[in-house]
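There are 2 protein chains.
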Amino acid sequence: MHSRQICLASRPAAQLEPQNFEVRESPLPTLENGEVLVRNTWLSIDPSIRLRLDDVVPSGYLPRFELGEPLVGLALGVVVDSRSDDFVPGDTVSHMLGYRDYAVVSATAGGLGGAGTLTTVEPGTWPLQWFLGPLGSSGLTAYVGLFEILGIEPTDTVWISAAAGAVGSIATQLARRHGCTVVASAGTRQKVDYLVDALGASRAFDHHDGDVGALLADAAPDGIDAYFDNVGGGHFSAALDHLRPHGRIAMCGAVSTYGTTAPMPSNLFQITAKSLRINGFRAGAYNHLYDSMRSIVGPGLRDGTMLYEESVYDGLGSAPLALIEMLNGRTRGKTLCRL
Amino acid sequence: MHSRQICLASRPAAQLEPQNFEVRESPLPTLENGEVLVRNTWLSIDPSIRLRLDDVVPSGYLPRFELGEPLVGLALGVVVDSRSDDFVPGDTVSHMLGYRDYAVVSATAGGLGGAGTLTTVEPGTWPLQWFLGPLGSSGLTAYVGLFEILGIEPTDTVWISAAAGAVGSIATQLARRHGCTVVASAGTRQKVDYLVDALGASRAFDHHDGDVGALLADAAPDGIDAYFDNVGGGHFSAALDHLRPHGRIAMCGAVSTYGTTAPMPSNLFQITAKSLRINGFRAGAYNHLYDSMRSIVGPGLRDGTMLYEESVYDGLGSAPLALIEMLNGRTRGKTLCRL
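So the protein lines, in turn, are chains S and Y. Counting along the first sequence from 1, when you hit position 23 you're at 22 in numbering that gives the first Met the number 0, and nothing is skipped either side. Counting along the second sequence from 1, when you hit position 294 you're at 293 in numbering that gives the first Met the number 0, and nothing is skipped either side.
Since the hints were derived computationally from the structure, they do not count as laboratory data. The reader is advised that the hints may include incorrect statements.
[Unchecked claim] Derived list of chain Y stretches under chain S, where covered just means 3 residues or more per stretch with a C-beta under 8 Å from a C-beta of chain S:
#	stretch
1	51–63
2	226–237
3	251–260
4	271–277
5	280–288
[Said to hold, decoys possible] Chain Y is faced by these chain S residues, among others (derived, beta-carbon under 10 Å):
#	residue
6	Glu24
7	His245
8	Ile248
9	Pro262
10	Phe280
[As the list claims (entries may be wrong)] Per label pair, the in silico range of CB-to-CB distance:
#	chain 1	residue 1	chain 2	residue 2	range
11	S	Asn327	Y	His177	45 to 53 Å
12	S	Asn327	Y	Asp192	48 to 56 Å
13	S	Gly314	Y	Pro244	32 to 40 Å
14	Y	Asp302	S	Pro262	58 to 66 Å
15	S	Gly209	Y	Leu66	27 to 35 Å
16	S	Val56	Y	His245	13 to 21 Å
17	S	Gln14	Y	Asp290	54 to 62 Å
18	S	Thr259	Y	Thr118	47 to 55 Å
Using N, Cα and C, we set each Cβ at its ideal position, and we do this for glycine too.
Generate coordinates for the entire structure from the input sequences, incorporating the hints supplied.
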């Protein structure tokens with residue numbers, strides 16, 4: 000029995016390219032006690048993996064991938080063999096050994112980075128892949144960022160960047176449902192229209208249309224109370240300038256800075272001047288809130304008051320393309336690879 | 000009756016120079032109802048005023064000074080005339096119209112920037128000027144930063160920068176008294192020795208001795224839990240690298256960045272990677288904690304278990320020199336001008 004895996008073939012230059020990856024086939028080891036063999040069916044394509052492709056990864060983050068090493072990421076699959084009492088063939092599971100077709104997963108280990116423990120998924124009537132998206136880590140990230148980190152109030156004006164993406168699109172709708180005034184930004188005109196027309200953002204802008212700070216000031220002339228940061232860099236800097244006193248930032252990702260060495264914003268003194276609060280977070284620390292999140296997002300998606308889009312790429316070999324397209328802003332909603 | 004005032008004569012280039020200031024004499028207006036005439040006796044010389052000397056001040060901060068305009072700052076003085084029922088001649092007061100010998104102060108207005116309302120000071124047996132220092136805003140800033148913003152615990156390793164300064168020296172001692180391991184940094188060998196030998200820092204370093212990050216890593220090889228930032232710039236960046244997961248930063252000042260726009264490599268992603276929390280604050284929002292702070296710092300100073308130093312400059316005309324010397328790291332403890 001063999002597994003086909005997306006491996007790092009070379010470190011990317013400025014732009015990530017298909018030739019930075021290769022598919023390698025390797026024999027699967029015999030299952031040890033406590034291990035489970037999973038046939039993956041859906042792979043989550045997430046931006047932060049970009050950081051681990053570089054030679055130097057920010058300290059405190061997960062380690063870099065070595066050349067030739069298979070990538071990892073969130074995945075859904077079906078158990079095909081088990082030497083664990085907790086899993087039987089046919090079980091649907093989520094785990095962290097994505098970017099491959101078959102995976103041997105420990106049923107007991109805490110998962111890579113503590114965020115990927117093998118978990119049974121009971122999709123019920125939901126499309127399975129939604130447990131990687133709005134009912135999975137994307138939805139949890141949006142929920143935690145808004146309610147646990149930013150502590151949004153209905154009176155708040157909230158800016159959400161990358162708002163047409165997997166996390167941003169859920170965050171935009173959750174903030175709107177909570178009564179907030181939502182300013183949303185994205186990278187194409189089409190996405191901007193979608194944010195206002197379909198997702199209910201009060202104002203939206205394409206960050207390519209000029210200086211981000213000027214676009215934000217135009218969209219929120221009285222300033223913002225909270226910023227959900229999926230982009231970093233110049234977006235983060237613009238938020239510092241336009242937050243009102245005692246404003247908050249939730250830093251969940253910094254896709255604009257991945258693979259770059261952007262200089263530090265020189266307006267950090269705004270944090271002191273306006274008594275701002277900034278929190279980085281990773282949704283993996285809030286798994287106890289999955290039920291709370293799903294109790295809002297699930298009914299919303301079912302009754303059509305919330306929307307969700309997917310960009311699906313078919314076949315393991317398309318996973319690198321999916322990643323490149325997403326990082327270049329050419330996907331919408333959740334980016335997935337279907338096996 | 001005339002008042003002599005330190006006015007901005009020209010905007011500073013890279014270095015602040017004595018010729019950027021001039022003493023101007025102007026007639027005092029007749030007291031209106033609700034106003035008090037104060038003869039200033041002590042002027043607080045604080046670093047953040049540097050920001051207001053430039054053409055462009057960070058938005059959200061107090062406005063710039065115009066050319067020819069008198070500076071303002073915390074001051075102590077004696078009431079010499081009053082048209083307010085709340086103040087009589089002979090009262091000792093604090094207010095925000097420093098950098099001059101006589102000031103007409105409103106007894107009712109909220110003060111410049113909301114931080115300087117005319118307040119009666121009852122020094123008791125304390126040296127009066129301590130109400131600008133360890134028992135005043137410097138002490139409050141240290142106390143609030145440690146206990147309200149960072150929420151220090153005895154098990155924490157806390158880094159305090161500019162630790163031989165007015166705020167840092169009190170913060171160093173309060174953190175040590177709380178049981179923390181204190182890493183302190185300053186700008187001269189003499190200050191470093193003082194921090195360890197007199198103020199009880201566990202480790203200390205001179206930030207001129209090499210890369211701040213390397214010096215910090217050497218002083219705290221297992222990382223830090225909290226950082227009290229009085230310096231900003233490269234110090235802030237080093238803290239991001241060396242904070243442990245869920246670490247905290249209190250941003251109270253950024254003296255290294257005042258008057259500069261030096262860019263630096265960005266490691267802001269550390270905030271996300273390690274789930275850091277960063278809070279800017281201004282002590283002026285915590286005036287209700289003066290009594291709590293004084294109940295710790297007062298007895299500590301009285302019984303000699305806490306120490307406090309002053310750098311005193313005599314005469315109004317020496318105020319610019321005091322400011323320049325402080326910004327260049329040549330003062331220790333609280334910098335004051337005595338009239």
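Okay, the hints, checked on the actual structure:
no.: 1; hint: 51–63; result: holds (count 4)
no.: 2; hint: 226–237; result: holds (count 3)
no.: 3; hint: 251–260; result: holds (count 5)
no.: 4; hint: 271–277; result: holds (count 7)
no.: 5; hint: 280–288; result: holds (count 3)
no.: 6; hint: Glu24; result: violated, 33 Å
no.: 7; hint: His245; result: holds, 9 Å
no.: 8; hint: Ile248; result: holds, 9 Å
no.: 9; hint: Pro262; result: holds, 4 Å
no.: 10; hint: Phe280; result: holds, 5 Å
no.: 11; hint: Asn327/S x His177/Y: 45 to 53 Å; result: holds, 50 Å
no.: 12; hint: Asn327/S x Asp192/Y: 48 to 56 Å; result: holds, 55 Å
no.: 13; hint: Gly314/S x Pro244/Y: 32 to 40 Å; result: holds, 37 Å
no.: 14; hint: Asp302/Y x Pro262/S: 58 to 66 Å; result: violated, 49 Å
no.: 15; hint: Gly209/S x Leu66/Y: 27 to 35 Å; result: holds, 33 Å
no.: 16; hint: Val56/S x His245/Y: 13 to 21 Å; result: holds, 19 Å
no.: 17; hint: Gln14/S x Asp290/Y: 54 to 62 Å; result: holds, 60 Å
no.: 18; hint: Thr259/S x Thr118/Y: 47 to 55 Å; result: holds, 50 Å
Comparing the model with each numbered hint stated earlier shows that hints 6 and 14 do not hold.
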